[in-house]
Structure formats: C-alpha cells, structure tokens
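Participant: Order-wise, the sequence lines are chains S and C. Each residue of the first sequence is one higher than the one before, counting from 1 in the numbering used here. Each residue of the second sequence is one higher than the one before, counting from 1 in the numbering used here.
Honestly, I wouldn't trust all of these hints.
Covered stretches of chain C (chain S as the covering partner; in silico rule of three or more C-beta atoms under 8 Å from a C-beta of chain S) [claimed, not checked]:
| no. | stretch |
| --- | --- |
| 1 | 163-170 |
| 2 | 282-289 |
Using 27 Å as the maximum straight-line C-alpha spacing, the simulated BS3-like pairs for lysine-lysine come out as follows [as the list claims (entries may be wrong)]:
| no. | chain 1 | residue 1 | chain 2 | residue 2 |
| --- | --- | --- | --- | --- |
| 3 | S | K340 | C | K118 |
| 4 | C | K309 | S | K258 |
| 5 | C | K319 | C | K89 |
| 6 | S | K45 | S | K340 |
| 7 | C | K175 | C | K304 |
| 8 | S | K340 | S | K63 |
| 9 | C | K128 | S | K45 |
| 10 | C | K303 | S | K292 |
| 11 | S | K132 | S | K193 |
| 12 | S | K230 | S | K193 |
| 13 | S | K253 | C | K304 |
| 14 | C | K309 | S | K253 |
| 15 | C | K175 | C | K309 |
| 16 | S | K45 | C | K118 |
| 17 | S | K340 | C | K304 |
| 18 | S | K292 | S | K193 |
| 19 | S | K235 | S | K258 |
| 20 | S | K235 | S | K18 |
| 21 | S | K132 | S | K63 |
| 22 | C | K89 | S | K258 |
| 23 | S | K45 | S | K18 |
| 24 | C | K89 | C | K303 |
| 25 | C | K303 | S | K253 |
| 26 | S | K253 | C | K319 |
| 27 | C | K89 | S | K18 |
| 28 | C | K319 | C | K309 |
| 29 | S | K258 | C | K303 |
| 30 | S | K292 | S | K340 |
Some chain C residues near chain S, calculated using beta-carbon distances under 10 Å [said to hold, decoys possible]:
| no. | residue |
| --- | --- |
| 31 | A115 |
| 32 | G236 |
| 33 | I292 |
| 34 | T294 |
| 35 | S302 |
| 36 | N305 |
Worth flagging that the hints you see were computed from the coordinates, not collected in a lab. Quick reminder that beta carbons are idealized off the backbone N, C-alpha and C, glycines included.
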Amino acid sequence: MKRENGSHRLASILDSEKWSGVSIPILSIVLSLVTASVMLLILGKNPLVAFLSFLQGSGFVPKGSYGGGSGMLTDFFTFLNVLAPMLLASLGFIVAFRAGLFNIGISGQMMAAGFLATALIGYSGLDAWLAKPLVILIGMIAGGLLGAFVGFLKYRFNIHEVVSTIMLNYIISYLTGFFINTKFADSLTRSMKICSPASRLTWMNLQIGGVKCNVPLGIVLAIAAAFAVKFLFDKTVFGFELRAVGRNPVCAKYTGIKVGRRIVVSLMLSGMLAGLAGVTYYCGYYNTIVPKSLCSMGYDAIAVALLGNSSPIGCIFASILITIFQNGSNYMSSTLGVAKEIASLITGILLLFSACGGYFRYLAHRRLETALDREAAAQKAAQAPAAETSAAQPPEASDGRTSSEKEEQ
Amino acid sequence: MENVLIDGLSFAAPLFIMAMGGIYSEKSGVTNLAVEGFQGFGAFIGALVAVLLMPSMGDGSQAVIYIAMLAAAVGGGVYACIHGLLCVKFRANQVISGVVVNILAVALTTFLTSAVNKALTGGQSSNKFILGVSSRFTVPGISRIPVLGALFRDMYPFEIIIAVIAVAVWYLMYKTRFGMRLRACGENPQAVDAAGGNVDRTRFLAVMISGALSGVGGICYAYSISANFSPNSYMGYGYLAIAAMIFGNWNIPSTAAVCLFFGLAKSGGYQLCLSMGLSSNYSDLFMMLPYILTLLLLTFFSKKNHPPKAAGEAYDAGKR
Numbered sequence: 001m002k003r004e005n006g007s008h009r010l011a012s013i014l015d016s017e018k019w020s021g022v023s024i025p026i027l028s029i030v031l032s033l034v035t036a037s038v039m040l041l042i043l044g045k046n047p048l049v050a051f052l053s054f055l056q057g058s059g060f061v062p063k064g065s066y067g068g069g070s071g072m073l074t075d076f077f078t079f080l081n082v083l084a085p086m087l088l089a090s091l092g093f094i095v096a097f098r099a100g101l102f103n104i105g106i107s108g109q110m111m112a113a114g115f116l117a118t119a120l121i122g123y124s125g126l127d128a129w130l131a132k133p134l135v136i137l138i139g140m141i142a143g144g145l146l147g148a149f150v151g152f153l154k155y156r157f158n159i160h161e162v163v164s165t166i167m168l169n170y171i172i173s174y175l176t177g178f179f180i181n182t183k184f185a186d187s188l189t190r191s192m193k194i195c196s197p198a199s200r201l202t203w204m205n206l207q208i209g210g211v212k213c214n215v216p217l218g219i220v221l222a223i224a225a226a227f228a229v230k231f232l233f234d235k236t237v238f239g240f241e242l243r244a245v246g247r248n249p250v251c252a253k254y255t256g257i258k259v260g261r262r263i264v265v266s267l268m269l270s271g272m273l274a275g276l277a278g279v280t281y282y283c284g285y286y287n288t289i290v291p292k293s294l295c296s297m298g299y300d301a302i303a304v305a306l307l308g309n310s311s312p313i314g315c316i317f318a319s320i321l322i323t324i325f326q327n328g329s330n331y332m333s334s335t336l337g338v339a340k341e342i343a344s345l346i347t348g349i350l351l352l353f354s355a356c357g358g359y360f361r362y363l364a365h366r367r368l369e370t371a372l373d374r375e376a377a378a379q380k381a382a383q384a385p386a387a388e389t390s391a392a393q394p395p396e397a398s399d400g401r402t403s404s405e406k407e408e409q
Numbered sequence: 001m002e003n004v005l006i007d008g009l010s011f012a013a014p015l016f017i018m019a020m021g022g023i024y025s026e027k028s029g030v031t032n033l034a035v036e037g038f039q040g041f042g043a044f045i046g047a048l049v050a051v052l053l054m055p056s057m058g059d060g061s062q063a064v065i066y067i068a069m070l071a072a073a074v075g076g077g078v079y080a081c082i083h084g085l086l087c088v089k090f091r092a093n094q095v096i097s098g099v100v101v102n103i104l105a106v107a108l109t110t111f112l113t114s115a116v117n118k119a120l121t122g123g124q125s126s127n128k129f130i131l132g133v134s135s136r137f138t139v140p141g142i143s144r145i146p147v148l149g150a151l152f153r154d155m156y157p158f159e160i161i162i163a164v165i166a167v168a169v170w171y172l173m174y175k176t177r178f179g180m181r182l183r184a185c186g187e188n189p190q191a192v193d194a195a196g197g198n199v200d201r202t203r204f205l206a207v208m209i210s211g212a213l214s215g216v217g218g219i220c221y222a223y224s225i226s227a228n229f230s231p232n233s234y235m236g237y238g239y240l241a242i243a244a245m246i247f248g249n250w251n252i253p254s255t256a257a258v259c260l261f262f263g264l265a266k267s268g269g270y271q272l273c274l275s276m277g278l279s280s281n282y283s284d285l286f287m288m289l290p291y292i293l294t295l296l297l298l299t300f301f302s303k304k305n306h307p308p309k310a311a312g313e314a315y316d317a318g319k320r
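One chain only, chain C, in its complex shape:
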C-alpha cells in the first residue's frame, strides 16, 4: 500500500507538469498534441547537459540534476518555438503540427544522441545517455502519519520542485494580467485584440511555456523511472498528459487530481500484480488499467467538457 502511494506520486508529478504545459498552450487557443515531442526534446537537452557536466562535477553530484532540469526547461521551450511558429505564424493545422513536432523530436533526438555519443566516446555510437537516478528523501515528522504519510516518504526532490512550479504556474494563469489575456486568447481572441492585447505574441509565449513545463516533466522521468535518455524515452506519457488535461477539463487543480489518479492506478495495478504472485507477464494486463479507466471515465465526463472555444484555429483578425 505504501509503495502504491510512493510510486504513484513519483509518476504523477512529472505527468502533472506536462499536463500543465498542455493546459497553457490550449488555454491560449493552440491545440497541443506536441507535449510528447516537447518532453522528449527537453529531456534530451537536459540529459545532454548532464552527460557533459558529469565528468567535471562527479557522477553522484545531485547539482547536475537541477542544472539538467533547468536545461530541459530551456530546451523544451526553444523546441516549442517550432510548434509556435507553425501554429501562430504559418497558420498550419494545429493537430498536424503537433504530430509533425512529435515525429521530428523522436528523429532529431535519436540522431543527435548517437552523433553526440560518437563524438564523446570516439567511434562508439550508442543511442543512450546514461543518467543516474535522483536521490530520494523523506520529510521528517509528517511521513509518520499512518497510510497517507507514505506520500512524504522516499520522495524525489523534483516532486517538491514540481509542486512549487505548479503553484506559480497556477498563479500566473489565474491571478495575473498575462494569465487573463492568455485565457481570453483561447476563448475570444478578437476581444483581446480589441482590448489592445497581442494575440499572436501571447499564444507564442504560451506555447513556449508549455514546452518548458513539458521539458521539465521529461527530464524528471529520465532521472527517475528510466535512468537514461534513449528513443525509448518516448513512452507516450505526453499523450497520457493530454488525456489527463482533457479529463481534468483544462483546469489545473482537477488535472492534478486526474494525474494522481493515473499514478495511483498505474502503481496500484503493478503492486496488485506483485501481491497476487502472478508472473511478470500479467503485469501487462494491469498496465492497461489507467488507459481503460480513462476511456471509461471519459464516457461519463466528456459531455460536460468545455474545451477553450478558440482552440485549434489560427487567429484571423479579419474574421467575425
């Protein structure tokens, strides 16, 4: 039971930050299927920086992780410019642009990873950046609370960072002028334009923020679950984040709840499989659980969903 909570939370936190990335983009009116590509490219840049720094800073150094997270945010943000350019400036179909960005991210990072590895090791080309696993810590005091205390045991530092970012991001979206403009761009861009805002710039910024947040999510997975960066890092969690966002009705607090639910369903299924003493083959069946539950729950909640009204269309000032 405790493991369910510990693993569930460490899976949910990066998923949540990616979903927030999706929310930023979509709330500003740019449909974002590119979260998967953003997180992958962000993780690539983070992992690249980590691999370059590791020799000079020592393998075990935890500071590398924080620098890598920062690099991942920058990398994701810069890469997101492609999606921003395509959707905002070039008025491409936003769903297609998302798919394009994802395909390009997989191809680009795989190619660059082997190229960089070849250059670093001198001839040997492997498509993996080996990373460490972030160290864990336990919050003293609260962690002794029965059952729920497990949420504070064996935490990854990034869970705290993500929680802080989440609050900041929520504040930015709901309590500041920029956030209001951003949300208005997704509902009625003409009104923003009339009020003197710049729709295209706001959307572009929103997509970049989206990329930065997704990049952080990507490097968190690379530093916890997989402990490396490779083409296998594209496990589809970006798509899962999009599902969480839609399920959470584009609302940050409810999306957090959905992500937690996904995390718990995933780790719960895995632990259930272990405790029933089934062979590892059966874990596949339990791995389906979050996806089946999503589909099932969406059948109940999808009718009430309110996606941002203007999402999916390039802003056309001349349109009524």
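Isolated chain S (complex conformation):
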C-alpha cells in the first residue's frame, strides 16, 4: 500500500502542470544515467568513478593532480568555453522550434558566421575594443541572413526548412572549404589561419588565482541571450504570436497574425543566435576552422533544447549537463580507458529518453486517471450496499480494485 502511494505521488509530480517541465527531464536524466551505468558495468568499469571523472574533467571537482600552471579553474573556464556556443546554438534551435520550425542548419550557420568573421575581422589588425564587437556583429548578420533566407524559401516557395537547411549545410561546408583551401589555409595545419588575439572572443592565458585560464566572453552573451529569449517568449506580443504560429498556423492566420512573416523572422532570429554560437565557437573556443567538417554542436544543440523542454532557462541546465559529458570525456577516457565516444553515446541515450518524455507524462496521466476511477468505484461500492438494485455493480468494482492492488504488490 505504501509503495502504491509512492508511485502515485511520482505520477502526480510527472503530470502536474507546474512540475512536469522539470520532473520529466529529470526522470529522463536518471533513466539514462542508469543505462549508462549498466553499460559501464558491462565494460567492467565503475560507473561512479566514470561520472566523477566527467565532473573532474569539466572542473567541477578537483582532479588528483594538475600540470604546471593549470588548476581546477582552468578546466572550469575551458568548460565555459564549450558551454557558451552550446547554449547559444540550443537557444537558436528553440526560437525556431517554438514557432514550429526545425532549424537543422545550425552547424552550417555557425560555420558561415565563424568563417566570415575570421576572414573579415580576424586578420584585420583592428584594436580589441572595435574588433570584438565587429566579430559578434558579423556573426549575427551572417547567421541571420542565412536563417532569413531559409524562412523566405519556406514562405515563398513552400520548401521544407529541413531540406533547405540540409542543402545549405553542404553548400556552406564546401564553399567555405574552397575558400579556406585556396586563400586562408595555414600551410602547416591545412586548416584556416588563426584569427588575431584582439578579435578572438576568448581572453587566453589570463592569470586567475595563480592558474592560467582562458576566459570566454561568449558565456556572458549566452546567459544574456537566454534571458532575452525568455523575455521574448513570455512577455512580448511578438513572442506570443510566434508560439501561436507554432501551435496552430491555420488558427494563427485567422486571428490576423501574418504567419509567413513570423516564419521568416523566427528563422532569422534562430540564425542570428546560431551565428553568435558560431563566432563564440570558431573565433573563441577554437580559433580556427577545419575545412569541410561541420561541427556536431549544431545537432547536439537539438539534444540540449529537447532536454531543456525547449525553455531558455531549461536550456541553461541542459547545456551544462551535456557539456559536462562532452567536455569531460577526454579526462574520463584517459583515467578509465573507456573510449571517449561513450560521451556521445550517453548524450544519445539521454536524447532517446527525452524524446519519450511525452509518453512518460501520458503514462503518469493515465495512472492518475485509473486511480481516480478506482476511487470513484470504491466510493460507489461503499454506497452500494444501501441500494438494493445494484447487486452486480459492487462486486465488479471491488473486484477491479483488488486485482489492481495485486498488480501493485
């Protein structure tokens, strides 16, 4: 009986309007951590040590030993360097997703923004106070234009955004690859020449607390962007209209919302955030572009958005979690000897469970409803002996009750 109460409470937490946005992702995380633990156990490793080393690799928990000049803060700032583009990219995804659009082209938009910013500003020799804002501006413009183009194709020619963004990903990848190989290639590494420290969005090797840290500017932008997106959706008419278009475009059209324009603008905003992610990735964390290899972050961002329940604040937490796995995988791999690909595998499993989130809620909902039915039936059964005519009803109801109770035990 006690156990039934527990699962009943769990079901009501999962189904409640207020908590399901938090409880269902947490359930997905717990389930995927359990799955990952099982996998690690099969491989003969201690899952707890593995998870600890993910955290150590990301600078949340001190490691056993550090190289000269580096420390926990070094790792933590590296983690922030990866976190910033991840968060921005996932915000880019949800801006379009809330309006019912799938921006699969985040990787391409990131690359285009990073390439243009590096090519135009990265080698210019401008001062830092001018170069950094320009890099950000160019990234946003490049991404925004690409996004708007996708929106225009959808609105004017009815081309599904998934197809056009995929095509654009390839076009961008080959086009930038061509220019990098012919014009901007570093003769040694064959990737794009690095951009100047003045235009780079990460301050390298700053001394903080006696250790060298790479301090990213992007993380400030990313957190600010998260709150800006939250404000946009929660407090502005425009955000409301975007959500209306996402929920039901036909209905939105009848209420007088210009659906076509909203589509273009939401994809443009999405592209701008992706462009911002691109410059923080390619001109901040990474500082170079390997030709013709789109980063997987554009797809991981979808995972983050999904796990974060497509809410901006949820995205902050989800991106922290996924970045811990991605960023900590190197250290985990070196300490435990498990291939670091397991990090992407955990992300994949996490995604799988998150995608089932709706089903978990449905199950919880159904459970609550059967519980309600049972209660009603029990009440009826209690009242029934008074009424003579309902001879068939009570045994049936009480029978149902006992059998389901047996199920519980």
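Start from chain S and add chain C according to the hints.
Facilitator: For chain C alone, kept in the frame of chain S given last:
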C-alpha cells in the same frame, strides 16, 4: 563522358534505395529524417559481419559482400525499430525522433566499432572497419551501344540487386493489399482503422522496411566509394536521399529519376573539374552543384508537392 555515366549510376543506385526507404516510411505516415542513421547502422552491421567473415572466407571473396548486404538490411531494419517505437508507440515528435536516431547511430556505431576493433586486434583501437571494393562487371552486348552503353559498363553487382529490389518494392507498394493499406495509413489512417486494418502495425512494418532498404544503401556506399566503415561514413547521403524523395514527390519512379540526376550532377561536376585541369581545390565548388541545383529546382516544384497528408502525426483513434 563515359565516366560520368558509370560513376553517376553507381552513386545514384544506393541513394535511390535509401530514398525508397524514406518513401515507405513517409507514405505510411511516419516522417523519416532517420534515413541517415538507418543507413549508417545498417552499414555498420554489414561491415561487422564482413569483417568477421573475411578471415574464414578469404579477403577477395565476393560472397562476403552479399552476406554483408543481407546483414545490413537486417541491421537497418532492427535499428529502425527505435524510430518505430518512438513514433508509433511512444508518440514522440517524429522529426525529433529522426534526429535522435541519427545522433544515436553515429555515437553507437563509432563506439562499437572501436570496441570491436579493440577486441579483435587485442588492444589496438581504430574506428574503422576496412572493407574491400566490390568487383565490377560489364554487361556484354548492350554495353557497346554508343554513349548510353556506358551505363552497363563497369557496373557494381549491387546496382542490379538494387534495380531488382526497386521493382519488388514498387510492386509491394502499388499492387498489393499491404501496399494499399500502407499508403492509406499516410493519407487517412482513420479510414484504414474503420476498414479493419491495424494502423500502428502497418506503420511499424513500414518503418522497418525503410530501415532495411536504407541499410542496404549504406553498405553499398561502404563497399564502393569509401571501401571502409568509419564515422566518416555519415556523409549526409541519407539527407540527400530525403531531399530526392521530396523532390520526387514521394513517387518511386520520379524519385529514381531524381537520384540519377543527383548522381550525374555529382560525377559530371567532378569530371568537368578534371577535364578543365583545375586543381583539386576547385572540386569543392563542383561538389556543391547537386545541392544548389536541388534548392533551385525545389523553388520551381515545391508548390506542386503533395506530401502524405497524415505524415508527422501519431495515429490517434479518437481524433476526427
């Protein structure tokens, strides 16, 4: 010119079978962005079987290829169950499910490839399965026809297999009761339910067929163009197949034409680059050709497209 046709066809055939996989799933009402993941996982299983068999059957043995193709079909079909479960049973968003399945496929196969390699070689972990290249053959007689005869020269055996599968698959979809039910599930699932069909089961089967077909496409690429299986096998051809499907208006014969067009554009661009004597850097520009052409042509044809009406929604018996 001849090389354009030969290479074009050998690129188009696997693309076509993947696109058919996409058609099966979407015609039954399940949006399928997961073709990329299906083909990758199918190719992984095929390559795994090939690598395991090669020592006992000899490296050059062509029989390995056919067994690998069969394994790839099974592997793709089984892996597609994830997409089927998510979309049909768990009612997840189908586009998201597709993306999830793709990400998981890349992660899973990369991880498993290095794990298996480590186990096979004893310590050395490489993320590649080295495969051979399928042998080619020339059809005697027809291949002497000027120009078009090149289509029958230096063929991979899988091109014939794919052609046979294509006919069978077309027959299954348009001439059998199952095929009719399948198409009806994508247009009006309520009607299928009323007529006594099982919508969920039909859709699930369709997704599995989709996975099997895509898996065959994946192993064909692994055995011809790349000659190995590695994370680089995810070259995005699955997405290209989806574009071909949409461009071909979810119709098998027109999708075949589109795939051929993609293949010819790709090999044509490459040969053009070679014949103009440009450096290899310029080949990148020509590689963009199929994608730009797709976008351009879609602007003309997209308005007339008729995607399956019920695609993208889980079947809800209570809905009107």
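Participant: Please flag the earlier hints that this structure goes against, numbers listed from lowest up.
Facilitator: Violated hints (numbers, rising): 1, 10, 12, 17, 21, 22, 23 and 24; every other hint is consistent with the structure.
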